[in-house]
Amino acid sequence: MTTRERLSRSDEDIAIVAVAQTPSHRHYDDSEASMLMDLTNQLLAESGLERSAVDFTIAGSCDYLSGMPFAFVSNVDGFGAWPPVYESHLEMDGAWALFEAWVRLSVGDIDIALVAGSGKSSPGNPREIFPLQTDPYTAAPLGLDPASVAGLQARALLDAGLATERDFAEVVSRSRRDALSNPNAQVKKDVSADALLAEPYYASPLRKHDLPPISDGAAAVLIARGKRARELAKKPVWIRAIDHRIDSHHLGLRDLTDSPSARLAAKGVGLHDGPIDVAELCVRYSPEEIVLRRALELAPGTAVNPSGGPLCGHPVMATGLVRVIEVARRIREGRARRGVAHAASGPALQQNLLCVLEGDA
Amino acid sequence: MSALPPVHYRLEYPYTRTTGPIVGAFLTALRDGKLLGIRCRGRVLCPPLEYDPETSETLAPDFVEVGPTGTILSWTWIAEPSRKHPFAEPFAFALIRPDGADGAICHALKASGPDALRTGGRVRAQYREERRGAITDLYFAPEAEAEDRYVPPGKGAVEMTEHLISLDYTEPLSPHRERYAKGLLDGKFIGQKSPASGKVYLPSKGYDPIERVRMSERDDVVVSDRGTVVAYTVITPVQYYGQKETEPYIRASILLDGADQPLGQQDIRSIGVADFRSGMRVRAVWKPKAERSIADVDNRWGGTGEVIERWEPTGEPDLPFEKIMEHNW
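Chain order of the listed sequences is A and D. Residue numbers for the first sequence, in the working numbering: -3 to 357. Residue numbers for the second sequence, in the working numbering: -13 to 315.
Derived by calculation from the structure, the hints in this document are not laboratory data. Check before you lean on any hint, since a few could be wrong.
Restraint ranges, calculated between C-beta atoms of paired labels, are given here [said to hold, decoys possible]: (1) A:K231 to D:T2: 49 to 59 angstroms; (2) D:S183 to A:H268: 19 to 29 angstroms; (3) D:G28 to A:H23: 31 to 41 angstroms; (4) D:V271 to A:V103: 49 to 59 angstroms; (5) A:R226 to D:P(-9): 51 to 61 angstroms; (6) D:P223 to A:V69: 21 to 31 angstroms.
Note that the structure is a prediction, hence the values are computed from the model and not measured. Quick reminder that beta carbons are idealized off the backbone N, C-alpha and C, glycines included.
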C-alpha cells in the first residue's frame, strides 16, 4: 500500500468544510491581500470558527505576477496577521497549497487549515512573465510563451488526427455557454463554433478565444480532519486522494498529443475506482481539454467543466483551487457524489495535479 | 482633483549563470555555427541534457554534431510577436528534429509566411551575424528560404550566460492609495483609522491586518507631519545592478504623531550619522507645491514620493525608549 492510499483510507479522513472565491475580474482595483481577507472572513463566518481556531494557513501566489519580490509576505495580512500560526507558502497554484495542507493535517497533530490561492495578472504581461517557467538556457531567452506552446500542441493534435480546429472551437463554445450560469465567470456568451472559426489565427492553429482571459482573483477553502470536519459542516466534502506528476521540461522530448503525467496522476488517485460525475479540468487552452479527456479516460457521462472552466476566467494561482471549489460545491449541493478536480502548471500541461472528492454515501 | 495617472514600474533581475560542461559546450558550438547533440543510450538528444531523461543518470560529454538541416515536427505561426520573442515581425515557433538527432528542439523559425510551412517540411539552421554564445544566436528557416553563410568561430569556451529579466507593470493606484498620494501632493499625510481597533495605519493598505477589517474613505484621517524616529539603519551601498547610491546613507522609520504605524524607508540626508538616533523628534519640511512629485508612490511599497525636502530635528526632547520600543526592531 502506498503512503497516499494509507493516508486516504485512515479513520482520520480530511474534508473541505467551507469554500469561497472572488469573481474572475479583468482588473481588480485593490490588493491580493484584500481579496484574501474577504474570503477568510467568509470562510470563518460560514464555519462559525474564530480565526484563532485555524491551526495552519497556506497560500499559493506568484511574485512575478505581483511584480514585487516577497509579495507573498503581504498576502499573509489577508488571513489576519494575529495570532501567529503554522504558516506556509508556495510559488504554485492554490491547488498545490491544498495538497500541502492535506499532507500537513494527515500528520495528525492539528485539525484545521485555511488554504488559498491568489493572483493579479492585470498589471503585468502574462505573455512575458510565463516564459520564465521554462529552461533558462534553451527556452526562456526565446520568450517561449504558453500560448505559443499551446499552438504547437494544437498542431500536433491536428497532425495526429486526434482533433480538428472545429473541436477546439466546440470546447470554447460549450465552455462560454456553460459560463452563462456561473456568476464568477469573466467571459460568457452564447457563441457558435462557426462564429469562432471565422476569427483570425493568433498562434495558428489557435485563435485568441482558444486562450484564457487575463484575470485577477482569489479562492480559498477551509479543510478539517476527522470529527472536526463533521462538526463544522453539515455536508463535508471528503478529499479521497491527491496526486501530482510532472513531464519533462524539454518540450522536444515530449509527445504533446498525450499527457503521461496526467495518466500517472489518475492512477495515483484511483480515478477509475468509481464513477466520476463531474470533472473540473484546468483547460487554459482549448486543445488541453482534448488531451486531458484522453489521458484521464473520462466516460461520456462525466460533466466536464460545467463552470465554464479557465477559458472563462483564469485568476492564475487560484485557477486550480477554483476547480476544487467547483467540484466541492456540486457535491455539497447533491448534484454529484464523486468528482475530480485538476490543476496544471507549466507549458502544455507539463505538471498535473488531480484531487478526488466525495460526498457522504 | 481628478484621478491620478496609472503607475508604471519595471522589475529587473540580471541573471548570470554558469553553463557547466554540457550546456557550455552546446552554447560554444552555437556561437561557432554548429548544432550539438549528446549521446544517451543509443539516442542523440538536442539540445544536450546533463542527465538521462528516463533514468536521471549523469551523461558523459559524448557529443555529436547534428543538423544543420532538420524536419518540422510541429509549428505555430505567431501573428503578434511579444517584445521577448526573437523576431519583431510575425514568425513561427516550431519543434524541429535536426538530422542525426532523436527528439526535437523547440526554436524560432523565420519564414516568408505560414504558407511556407508544413509539418514534415525541411529547415536549415541559421546563425545571427552577432553571436554571444546563447540560444538566440540560432534560428531556423525553411530550406528554400535559407542562406548558406560562413560562420567564423569565436574564441574560448562559453562558461557564462547573461539573461536580463525585465518585466513591466502598469496599474491604477488603488482607491485608498490614490487618496494618500493626493494628500502628499497637498502636503498632508492621510492615514486610515481602523473602526475595529482605533489604530491608525499610514500609509494604509485599505484594511486593518490585525482585526481583518476593510476600511473605506470614511476611515481616512490626517496625521501630523511631526514624529519620532523609532528605528534606523545606516546603509553602506554595495554596487549591485540598479544601485544609484555611492555614499553611506540613513534609512529611518518615523512614527508620526497620531499614527500607530511608522512611516518606513525615510531618506535622511540633512542630519549626520553621528547625531542621528532613535527617539529623536523630527518634522517634515515639504518641498514647494510645484516641485512635489508622487512618481514613486505605488500600490506595493507605498513610498512618500518626492514631496519632502528633508526631515529636520524639532529640538524637542527625545522620547524615552519605553515609549517607542513597540516600534523599535
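Q. Which numbered conditions among the earlier hints are violated in the structure presented, ordered from lowest to highest?
A. 2 and 3
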